[in-house]
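For the sequence shown, full-length UniProt numbering begins at 1 and goes up steadily by one.
Any given hint might turn out to be false.
[Said to hold, decoys possible] Pairwise CB distance ranges (calculated):
hint, residue 1, residue 2, range
1, Glu401, Arg294, 50 to 56 Å
2, Arg450, Arg290, 46 to 52 Å
3, Gly513, Gly152, 39 to 45 Å
4, Asp320, Glu210, 32 to 38 Å
5, Gly513, Val483, 21 to 27 Å
6, Asp495, Val472, 17 to 23 Å
7, Glu40, Gly310, 20 to 26 Å
8, Phe505, His68, 34 to 40 Å
9, Gly353, Gly494, 33 to 39 Å
In case anyone wonders, no lab produced these hints; they're calculated from the structure.
C-beta: ideal position from N, C-alpha, C; glycine also.
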Amino acid sequence: MTADRALLERALERGEEEGGPIEFKERLSREVHLVDGRMESLAAQLRHRVLSGDGEATYVVGVTDDGHVAGIRPADFSESMDVLSLLAEEAGAHIEDVETWGVGGEDESGLVGVATIREGAILDTDDSHIVVGTAGHVDHGKSTLVGTLVTGQADDGQGSTRSYLDVQPHEVERGLSADLSYAVYGFDDDGPVRMDNPHRKSDRARVVEEADRLVSFVDTVGHEPWLRTTIRGLVGQKLDYGLLTVAADDGPTKTTREHLGILLATELPTMVAITKTDVVSEERVHEVERAVERLLRDVEETPLRIERHGVAAAAEEIGDVVPILKTSAVTGTGLDALDDLFERLPKTNGGDGDFRMYIDRTYSVTGVGAVASGTVNSGTVEAGDDLLLGPMPDGDFREVEVRSIEMHYHRVDRAEAGRIVGIALKGVTEAEIERGMVLLPADADPTPVREFEAEVVVLNHPTRIGTGYEPVVHLETISEAAVFRPEGGHLLPGDRGVATVEFKFRPYLIEEGQRFVFREGRSKGVGTVTDIDP
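My request is simple: use the sequences and hints to build the entire structure.
In structure tokens, the structure reads:
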């Protein structure tokens with residue numbers, strides 16, 4: 001992570017004012033700063049600095065009391081952040097952001113960091129958080145619609161608000177999403193809580209902190225070559241709802257039908273937003289609306305026009321029906337209704353039981369270490385918990401410790417089922433963590449699976465599926481080549497049958513009842529795990 005050195009320079013210029021909001025610490029340690037009496041004194045000091053800074057204080061770590069930039073080892077910096085987090089929690093505050101950089105010559109082996117402490121307890125999670133996955137053809141306005149929703153800013157007609165989601169420069173330049181993107185907004189007693197500047201981490205954290213109810217978006221990819229990434233987003237993120245976009249100037253396409261099929265095959269309650277209504281005639285909008293209704297009826301789903309039946313009916317009946325509404329990110333048509341709908345929708349993925357999280361992404365943060373990101377499938381995890389990580393390629397699990405937890409850049413002390421979080425892990429390097437691995441409680445007794453039995457449905461295939469068929473299986477965050485052995489020797493398009501499925505390269509942790517999608521070229525199907533010990 002690269003820091004704004006000007007922030008440090010301003011802190012050094014001001015110095016450690018008596019009773020002021022800035023404090024220098026060379027390092028903090030559990031043995032010295034968390035002992036009885038010392039912890040309470042330091043927490044009171046931190047509380048005083050937060051109050052004197054109008055709700056915000058700055059702690060500069062890796063700098064001596066006289067302002068000399070010393071730098072400390074990454075392990076010591078990580079421990080310092082852990083201690084500072086506990087002191088902030090004791091003082092009724094939280095760490096909002098940490099900026100770090102290396103010092104100490106060419107190797108820059110030492111670290112200096114600026115931690116921003118803000119008043120207010122760490123977010124207490126509850127069930128008021130839904131996760132929505134977007135789908136739809138390329139250029140049908142998924143990212144633009146979400147960007148406008150989370151900011152309240154009108155699009156310029158050229159997709160300006162989509163830049164709030166795409167994080168890669170080539171995506172912004174080409175106007176095409178190539179990976180999953182994330183966004184969040186929320187609601188309080190006064191209505192929507194939106195982001196002013198989504199490019200600022202602190203702005204996302206503010207939404208998480210202020211809102212009583214959160215809506216997280218997992219924005220998938222509409223371009224055909226990245227269908228695998230779209231499936232990963234819709235299958236592996238523990239979504240509560242699906243949002244399918246259909247552009248009024250284009251109408252339903254082959255990709256629309258394909259994405260709808262994946263949403264319905266995974267039994268995800270789905271709604272359809274007809275986008276770009278500002279660029280076509282009203283007659284064309286009605287024509288596309290009727291086309292969407294025909295598409296839904298063709299797959300035995302019941303369409304419900306929100307314009308005719310109301311938001312309350314849509315929120316109450318979604319799952320049994322597919323709500324349809326007309327929208328424009330330019331004029332704002334339909335956005336109030338979408339806000340109303342998202343505020344009303346109940347959470348569908350409760351996730352009772354012991355903690356479990358399938359890992360979707362990994363990255364490394366200077367001074368923190370390896371971070372595993374994903375959606376909590378079940379249970380609760382807290383900072384300091386001992387967990388198991390795996391399975392490794394050989395089937396073993398590794399003992400790790402939760403160093404810290406972040407949700408949309410907001411540091412939290414715990415996370416419950418349905419939360420999209422990044423968990424900093426102690427005891428493992430980023431290179432050792434792979435997508436498809438799982439985090440479990442330390443006392444769990446997991447048994448990795450290389451082969452399982454499933455009930456499968458072949459949605460599309462040019463001929464027939466026989467023994468030895470090798471598609472890619474997408475289950476939770478697992479994306480792995482597998483060998484199929486159908487009962488009876490083969491399955492035809494449209495057939496429902498039983499097959500033994502064997503992962504080609506390594507074992508994974510799966511359980512009976514989990515649903516998956518398999519794909520190979522133009523061939524696609526869905527399945528349900530029925531026996532993990534066939």
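Evaluated hints:
{"no.": "1", "hint": "Glu401 x Arg294: 50 to 56 Å", "in the structure": "54 Å, holds"}
{"no.": "2", "hint": "Arg450 x Arg290: 46 to 52 Å", "in the structure": "49 Å, holds"}
{"no.": "3", "hint": "Gly513 x Gly152: 39 to 45 Å", "in the structure": "40 Å, holds"}
{"no.": "4", "hint": "Asp320 x Glu210: 32 to 38 Å", "in the structure": "34 Å, holds"}
{"no.": "5", "hint": "Gly513 x Val483: 21 to 27 Å", "in the structure": "22 Å, holds"}
{"no.": "6", "hint": "Asp495 x Val472: 17 to 23 Å", "in the structure": "20 Å, holds"}
{"no.": "7", "hint": "Glu40 x Gly310: 20 to 26 Å", "in the structure": "55 Å, violated"}
{"no.": "8", "hint": "Phe505 x His68: 34 to 40 Å", "in the structure": "52 Å, violated"}
{"no.": "9", "hint": "Gly353 x Gly494: 33 to 39 Å", "in the structure": "35 Å, holds"}
Going through the hint list in order, the structure does not satisfy hints 7, 8.
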